[in-house]
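Chain order of the listed sequences is A and B. Residues 1 to 453 in full-length UniProt numbering are what the first sequence spells out, letter by letter. Residues 1 to 453 in full-length UniProt numbering are what the second sequence spells out, letter by letter.
Simulated from the structure, these hints should not be mistaken for laboratory data. Even glycine gets a Cβ: it sits at the ideal position worked out from N, Cα and C. Misleading hints may appear alongside valid ones.
[To be verified] Now the stretches of chain B that chain A is said to cover, found in silico as 3 or more residues with beta-carbon under 8 Å:
1) 177-185
2) 233-241
[To be verified] Only pairs whose alpha carbons sit at most 27 Å apart, straight line, appear in this in silico DSSO-like list of lysine-lysine:
3) A/Lys91 to A/Lys116
4) B/Lys116 to A/Lys153
5) B/Lys91 to A/Lys116
6) B/Lys116 to B/Lys91
7) A/Lys116 to A/Lys153
8) B/Lys153 to B/Lys116
9) B/Lys153 to A/Lys153
[To be verified] Listed next, the stretches of chain B that the computed footprint assigns to chain A, with coverage defined by at least 3 CB atoms under 8 Å from CB atoms of chain A:
10) 140-150
11) 153-166
Protein chains: 2
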Amino acid sequence: MVDVSTLRAALPEAMVVTDPDILAAYRFDRADDPSAGTPLALVRPESTADVQTAVRWCAEHRVPIITRGAGTSLSGGATAVDGALMITTEKMRGITVDPTTRTAVCAPGMLNAEVKAAAAEHGLWYPPDPSSFEICTIGGNAATNAGGLCCVKYGVTVDYVLGLQVVLADGRAVRLGGKQLKDSAGLSLTRLFVGSEGLLGIITEVTVRLLPPQPAACTVVGVFPTVRAASQAVLAVTAQTRPAMLEFMDHTSINAVEDMLHMGLDRDAGAMLIAQSDAPGPAGLAEVALIEQAFRAHQADEVFATDDPEEGEAFTVARRVAIPAVERRGSLLLEDVGVPLPALPDLVDGVAAIAADNDVTIAVIAHAGDGNTHPLIVFDPADREEARRAQVAFDQVMGLAVEMGGTITGEHGVGRLKKGWLPAQVGDDVMELTATIKRALDPHGVFNPGVML
Amino acid sequence: MVDVSTLRAALPEAMVVTDPDILAAYRFDRADDPSAGTPLALVRPESTADVQTAVRWCAEHRVPIITRGAGTSLSGGATAVDGALMITTEKMRGITVDPTTRTAVCAPGMLNAEVKAAAAEHGLWYPPDPSSFEICTIGGNAATNAGGLCCVKYGVTVDYVLGLQVVLADGRAVRLGGKQLKDSAGLSLTRLFVGSEGLLGIITEVTVRLLPPQPAACTVVGVFPTVRAASQAVLAVTAQTRPAMLEFMDHTSINAVEDMLHMGLDRDAGAMLIAQSDAPGPAGLAEVALIEQAFRAHQADEVFATDDPEEGEAFTVARRVAIPAVERRGSLLLEDVGVPLPALPDLVDGVAAIAADNDVTIAVIAHAGDGNTHPLIVFDPADREEARRAQVAFDQVMGLAVEMGGTITGEHGVGRLKKGWLPAQVGDDVMELTATIKRALDPHGVFNPGVML
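Could you put together the complete structure from these sequences and hints?
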């Protein structure tokens with residue numbers, strides 16, 4: 001056991017925590033991996049310099065580092081390992097919005113919702129909107145290249161990150177990129193660090209690009225008899241336009257959400273689509289009409305459009321709470337598989353077949369407009385046989401996505417939960433290329449061991 | 001001198017060229033660096049396998065490789081070095097557009113214009129539009145993360161590259177990414193290779209995302225008494241909206257273009273702005289009105305709007321030919337400096353001061369809407385004293401951009417011409433990080449030596 005007294009001496013005393021009760025709260029992230037380890041200590045840095053001190057100490061003592069934002073990782077990216085130093089960015093706070101450059105410089109512990117709110121104060125908009133936006137941090141968003149609901153039109157986190165400050169494995173802090181919108185000076189290191197899941201460094205500052213405010217959106221909801229009809233309607237929409245949102249919920253997730261929110265969703269529906277158009281004026285009306293028509297042409301039993309923002313938001317909330325709602329029915333294995341869009345109907349059918357084959361419940365929600373689905377495999381952890389079948393189904397769903405030319409993770413990252421499947425998707429040569437870069441930047445493997453590789 | 005006979009034996013005979021006359025034509029790119037070297041041979045591969053053969057041969061014999069698309073680099077990224085093997089992708093041709101996934105798989109030798117045309121055949125659009133789009137290749141665009149005129153609204157090449165095939169330094173070929181729109185499986189290697197300027201591998205296939213066709217655009221032209229008035233008008237526009245194009249030409253470039261095209265541009269203008277709105281319907285009309293108003297509020301002598309696509313295109317062409325037009329007046333040192341937008345007026349003023357101080361002509365054109373300017377330093381190479389002053393001005397302009405928190409290159413890349421300035425912009429630690437990644441992926445430094453590092 002490494003002695004943390006030298007670390008304690010190098011940082012303000014309250015910053016280094018070894019109280020077992022507090023440490024226990026930092027062992028797990030939202031993936032709830034039962035094999036989470038017990039950390040050596042927790043550090044709550046307030047500045048980049050504090051992070052540097054902690055990293056230098058870890059480098060010297062070869063102590064692994066798990067960096068943690070709000071711990072909302074769904075793939076075990078922030079799960080503790082035995083003997084590691086947990087570094088949480090929760091006390092690294094602050095944001096400066098620069099309306100003239102339309103950028104915001106954010107400390108990593110700012111919540112995504114706080115970044116949105118700070119931008120909105122200046123009449124600006126930070127688009128990326130993971131479902132957890134109210135509780136996840138911008139640092140974690142950058143580390144995982146988080147997606148969300150509006151990504152189908154507005155792109156993911158990497159599309160908004162102009163610059164980063166990063167603490168490297170030897171404790172040096174570097175600035176990558178900046179406030180300029182276009183910059184091709186040197187390798188795209190900013191983009192390499194976005195989505196690197198804590199393997200290459202610790203992000204201590206994020207400079208994001210902001211947009212003018214999103215125009216008011218119209219919401220179109222379609223209720224379908226089957227998941228296949230709904231997923232074919234998705235293709236009919238995306239073949240013609242690029243909506244601001246195009247979300248999918250299946251029968252199980254609709255019912256789970258209805259149990260939670262009692263908002264009058266159709267419990268008999270096979271699937272539901274929630275689309276939004278934020279095109280202004282007549283273009284928006286035309287887009288709404290096109291979406292309605294596509295829904296009707298694919299067997300929608302009911303199609304409902306509204307330009308009332310509150311009514312629209314109610315459906316968005318329904319979609320956002322789907323994961324916690326389904327979680328009330330049991331433990332979850334969370335999938336995040338994506339396929340090229342035309343394969344979506346076959347993927348959704350394939351997931352249903354895997355559920356039937358393994359006698360497990362799989363609720364499916366999806367950012368359908370970009371082919372990114374979240375099959376949620378429900379199981380009772382006390383039922384070891386069901387837990388085993390759930391794990392088999394989890395593997396089979398990833399296998400199916402890879403077979404269809406897709407990805408095992410569209411937006412959550414590989415983390416610890418999915419790393420076994422990464423080689424099947426990318427191949428051994430790309431795994432080796434990944435390991436080469438990891439070794440070059442973190443030769444002692446201090447950062448987030450067990451993730452991805 | 002390495003004997004190329006073994007390479008010749010390993011490839012179809014006509015593929016390896018050593019004819020000095022042909023080699024001479026491949027020594028230079030558009031940067032016309034007089035210090036270009038003499039290559040050992042030229043290889044014109046037709047497939048990824050041919051590239052692998054050539055790379056393996058070079059790795060074995062420690063022969064440097066310069067990869068070349070159409071040789072349109074403005075920063076010397078494809079300039080020959082002595083004893084190198086030039087690999088041109090010009091015979092790697094072919095494109096498959098998949099309208100259902102809205103993607104195109106392109107061989108690297110396809111011209112940007114050919115990619116656009118192939119997409120258009122399916123009613124789709126490939127946005128990135130470097131001014132050289134009719135003569136530059138998609139492989140080169142990916143290797144340099146090329147920009148263009150519509151980037152202010154639609155982003156640069158990296159925003160469209162979903163997947164790559166790359167030949168690594170040891171001759172292995174890897175596939176990165178794919179057709180799925182969202183993919184966070186593993187490190188962002190696709191994005192690392194985009195813009196890597198041939199330092200990390202050879203791009204042998206590019207999968208790009210396509211958009212629905214661009215709506216018809218309205219063009220707004222403003223004529224200004226001074227460059228400062230025009231650049232302040234730029235800020236007034238970008239503070240309120242995100243036009244589809246916002247280009248800047250100064251007095252010298254306007255006159256150079258008028259000499260070439262005789263289209264009736266105002267020869268007395270201090271500067272001209274060319275903006276486009278492609279927002280549909282009333283939103284477009286409102287955007288055009290807003291741009292006109294911003295121009296008038298900043299001293300525009302004349303403001304002219306048209307929804308006639310041909311008339312609009314004439315002004316776009318005027319902007320696109322500015323570099324060759326100015327080049328008729330002498331040799332050019334081409335700048336590509338960018339700053340955060342609010343610094344644009346000061347940058348433009350600073351460039352004028354540098355021109356005056358050094359008694360050289362600097363024509364300025366700019367993708368003004370994203371703060372990316374192209375000061376073109378004109379000099380007579382036969383006049384050694386003027387050439388020296390031009391070089392001093394070239395350095396001073398980059399120094400100014402760095403001082404203002406900007407970049408030495410917004411879209412052309414560092415190449416050989418600007419590498420001396422890269423450390424000043426990014427700092428020694430980032431240079432070392434860059435070198436670390438380069439060494440890890442290309443330990444013998446075979447790929448494009450002399451570029452960036």
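Do the hints match the structure? See the list:
Counting residues of the segment 177-185 of chain B whose beta-carbon sits less than 8 Å from any beta-carbon of chain A gives 8, enough to reach three: the coverage restraint holds. Against chain A, the segment 233-241 of chain B contributes 5 residues with a C-beta closer than 8 Å to a partner C-beta. That satisfies the three-residue criterion, and the hint holds. At most 27 Å may separate the alpha-carbon atoms for a hinted pair to count; A/Lys91 and A/Lys116 meet this at roughly 19 Å. Restraint check for B/Lys116 and A/Lys153: satisfied, since their Cα atoms lie roughly 21 Å apart, inside the 27 Å limit.
With a CA separation close to 48 Å, the supplied pair B/Lys91 and A/Lys116 exceeds the 27 Å bound. The suggested pairing of B/Lys116 with B/Lys91 holds, with an alpha-carbon distance near 19 Å, which does not exceed 27 Å. Of the supplied pair hints, the one linking A/Lys116 and A/Lys153 holds, its CA atoms being roughly 17 Å apart against a limit of 27 Å. For the proposed pair B/Lys153 and B/Lys116, the alpha carbon gap of about 17 Å is at most 27 Å, so the pair holds.
Taken as a hint, the B/Lys153 and A/Lys153 pair is honoured in the structure, with Cα atoms around 13 Å apart against an allowance of 27 Å. Closer than 8 Å: that is the beta-carbon criterion, and the segment 140-150 of chain B has 3 residues meeting it against chain A, so the requirement of 3 holds. Only when three residues or more bring their CB closer than 8 Å to a CB of chain A does the claim for the segment 153-166 of chain B stand; here the count is 4, and the claim holds.
Comparing the model with each earlier hint shows a violation of hint 5 alone; every other hint is respected.
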